[in-house]
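Given next are the chains, with one letter for each unit.
There are 2 protein chains.
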Amino acid sequence: LKLIILGSGSATPSLLRNPSAQILNEADQNYLIDCGEGTQIQLIKYKIKIHKIKNIFISHLHGDHYFGLIGLISSMNLAQRKEPLTIFGPKGLDEIITIQLKYGQSNLHFKLDFVAINCTSALKIFENEFLDVTAFPLNHRIPCFGYLFSQKGKPRNLIKEKLPIDISVDEILKLKNGENVLDEIGRVKFNYLQMTTQQTYPKKYAYCSDSAYYENIIDTIKNADILYHEATFKEDLINRATFTHHSTAKQAAKIAHLANVKKLIIGHFSSRYHDLSENLEEAKATFTNTMLAIDGESYEI
Amino acid sequence: LKLIILGSGSATPSLLRNPSAQILNEADQNYLIDCGEGTQIQLIKYKIKIHKIKNIFISHLHGDHYFGLIGLISSMNLAQRKEPLTIFGPKGLDEIITIQLKYGQSNLHFKLDFVAINCTSALKIFENEFLDVTAFPLNHRIPCFGYLFSQKGKPRNLIKEKLPIDISVDEILKLKNGENVLDEIGRVKFNYLQMTTQQTYPKKYAYCSDSAYYENIIDTIKNADILYHEATFKEDLINRATFTHHSTAKQAAKIAHLANVKKLIIGHFSSRYHDLSENLEEAKATFTNTMLAIDGESYEI
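Line by line, the protein sequences are chains D and H.
Numbering-wise (this note's numbering), the first sequence opens with residue 1 and increments by one.
Numbering-wise (this note's numbering), the second sequence opens with residue 1001 and increments by one.
To be clear, the hints were calculated from the coordinates, so they are not data collected in a lab.
A portion of the hints provided could be inaccurate.
[Said to hold, decoys possible] Cut-off 25 Å, straight-line C-alpha distance, at most; resulting in silico cross-link-like pairs (SDA-like, lysine to any residue):
| id | chain 1 | residue 1 | chain 2 | residue 2 |
| --- | --- | --- | --- | --- |
| 1 | H | K1082 | D | K111 |
| 2 | D | K45 | H | K1047 |
| 3 | D | K45 | H | S1271 |
| 4 | H | K1091 | D | N107 |
| 5 | H | K1102 | D | N139 |
| 6 | H | K1111 | D | R141 |
| 7 | H | K1047 | D | N107 |
| 8 | H | K1091 | D | D225 |
| 9 | H | K1049 | D | L101 |
| 10 | H | K1091 | D | D94 |
| 11 | D | K45 | H | L1276 |
| 12 | D | K111 | H | R1141 |
| 13 | H | K1052 | D | L16 |
[Stated by the list, open to error] For each label pair, taking beta carbons as the anchor points, the in silico distance ranges come out as:
| id | chain 1 | residue 1 | chain 2 | residue 2 | range |
| --- | --- | --- | --- | --- | --- |
| 14 | D | K52 | H | K1082 | 43 to 49 Å |
| 15 | H | P1084 | D | I44 | 33 to 39 Å |
| 16 | H | T1120 | D | E300 | 18 to 24 Å |
| 17 | D | L16 | H | E1278 | 34 to 40 Å |
| 18 | D | K52 | H | Y1046 | 45 to 51 Å |
| 19 | H | T1012 | D | Q199 | 40 to 46 Å |
| 20 | H | Y1046 | D | G178 | 38 to 44 Å |
| 21 | D | K124 | H | S1121 | 57 to 63 Å |
| 22 | D | L16 | H | E1095 | 41 to 47 Å |
Glycine residues also receive a C-beta, built at the ideal position from the N, C-alpha and C atoms.
Isolated chain D, as found in the complex (with noise of 0.2 Å):
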């Protein structure tokens, strides 16, 4: 599981950073989280191949998170993609790209899916056999959804010479997906934690921007392996943060702490800031593990 920073901006423009992308890598797929204007330039350059983005999640509907989608659409079209895509995004979304491709008179070679996000807690949005992803609302002017990546574990290795020779298929399975096989009146007949090991333990990256200070995400977030979390302002903006829905690099560090998580990026930073060390101490005095979100830099989770 390997993320991408693409944009680690906000809504007013800059040189300095891209706004909100972020690709996450799983088996040889491309999860595409958020897309503001150029993204797709970003994409070409740090050599992301598009044909692997299957599944598209987009928080809110502020344009630096999704005023690049279009172009990114329309580019895959020239590309002579045949693969569907599947978007998830807050209603509305479907109207504003169909209407795009309406009046340029583009007509899709492949399938796009819209999934509209409208849940009032956490709720599972997506699975395949790799990751599970849910939604859930975030604090912000408008409808916002965060993300949460959960890696599916994978089997469980059997430790051979442990395993009875009359051991049927069926119980084998049950061993590899972590359940005790139990006999006829319910007592444990095969321990799975003594006929096998587990090596990789299932990773969790959770995505939250926008948001001002919101508690409410700590039960869903709990434990991730990586949070990402919008650090808009510095804690002497407090005021602003407040106003416009958005977090202080303290808060953020605070929501870390408060969930228990193992690495904080905090990202989505005002262009107001140049140099980013300041951010950085003010989150790390809260949460130790705080990296910075840099456009083009990757993160192993």
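Let chain D serve as the given structure and place chain H on it in line with the hints.
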């Protein structure tokens, strides 16, 4: 009158060239012509003030000519713009922009007007004290318009020693506007050619993108000081040019020659061309005074 190229590329995104956008600067106003994705970043990069853009001219609704518009409008609003903005372009642009502002819950602090261009022959669509703008149909896959920017003549300079003492203010204005002053029975009383001089002559800039080879435009763009004409391909791909309703470098040069323009700038280059020297040579063989559009370069008209 100064032209600044912000993007000389075509639909397939490229690290070499940005999609179509240009600034025509006259009398401290910036006229924006087309607005592909990323135009607002190009404006920042080349230090062009967006508050001096009062009028935007969009040729057609293929994305590489307008996907940057909604981002630019949003940024103008973030920057607390108060001055009205007028956008000229094909029908549909109003709907596309309005729906995105609606879902972003963006209330504009300035007046945004749309003028739908729908002419079947050359039509004056804009006029102020410095410029006239004429729209004219091009030949593309969807409705597409060229724009001719015609500088207005400045008032002529008086030759003071030739003016009679008793000349009135009204008579002086007539002479400065290039009109003779007549007496009661219609004879020339004061000849403007004898009493005034003209130091500059009004310039014309014609913008033609995207279009197949199309001689119908020649009358409108005749004698322009600069013609920008798309030249997506070289002549070896003339079949592809014809099929996609684009032009080759040679065809652009032929139009320049037939229209007797002073200078040709070719642009809208396919992303397949890294080195453009052959494209330039191909055009120059037919029309010597040809230049390449290069992102960030300025051209005095």
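How the hints compare with the structure:
{"no.": "1", "hint": "K1082(H) with K111(D)", "verdict": "violated, 42 Å"}
{"no.": "2", "hint": "K45(D) with K1047(H)", "verdict": "holds, 24 Å"}
{"no.": "3", "hint": "K45(D) with S1271(H)", "verdict": "holds, 14 Å"}
{"no.": "4", "hint": "K1091(H) with N107(D)", "verdict": "holds, 19 Å"}
{"no.": "5", "hint": "K1102(H) with N139(D)", "verdict": "holds, 19 Å"}
{"no.": "6", "hint": "K1111(H) with R141(D)", "verdict": "holds, 23 Å"}
{"no.": "7", "hint": "K1047(H) with N107(D)", "verdict": "violated, 37 Å"}
{"no.": "8", "hint": "K1091(H) with D225(D)", "verdict": "violated, 49 Å"}
{"no.": "9", "hint": "K1049(H) with L101(D)", "verdict": "violated, 31 Å"}
{"no.": "10", "hint": "K1091(H) with D94(D)", "verdict": "holds, 20 Å"}
{"no.": "11", "hint": "K45(D) with L1276(H)", "verdict": "holds, 21 Å"}
{"no.": "12", "hint": "K111(D) with R1141(H)", "verdict": "holds, 23 Å"}
{"no.": "13", "hint": "K1052(H) with L16(D)", "verdict": "holds, 23 Å"}
{"no.": "14", "hint": "K52(D) with K1082(H): 43 to 49 Å", "verdict": "holds, 45 Å"}
{"no.": "15", "hint": "P1084(H) with I44(D): 33 to 39 Å", "verdict": "holds, 37 Å"}
{"no.": "16", "hint": "T1120(H) with E300(D): 18 to 24 Å", "verdict": "violated, 60 Å"}
{"no.": "17", "hint": "L16(D) with E1278(H): 34 to 40 Å", "verdict": "holds, 37 Å"}
{"no.": "18", "hint": "K52(D) with Y1046(H): 45 to 51 Å", "verdict": "violated, 34 Å"}
{"no.": "19", "hint": "T1012(H) with Q199(D): 40 to 46 Å", "verdict": "holds, 44 Å"}
{"no.": "20", "hint": "Y1046(H) with G178(D): 38 to 44 Å", "verdict": "violated, 59 Å"}
{"no.": "21", "hint": "K124(D) with S1121(H): 57 to 63 Å", "verdict": "holds, 58 Å"}
{"no.": "22", "hint": "L16(D) with E1095(H): 41 to 47 Å", "verdict": "violated, 34 Å"}
Consistency note: the structure conflicts with the earlier hints numbered 1, 7, 8, 9, 16, 18, 20, 22.
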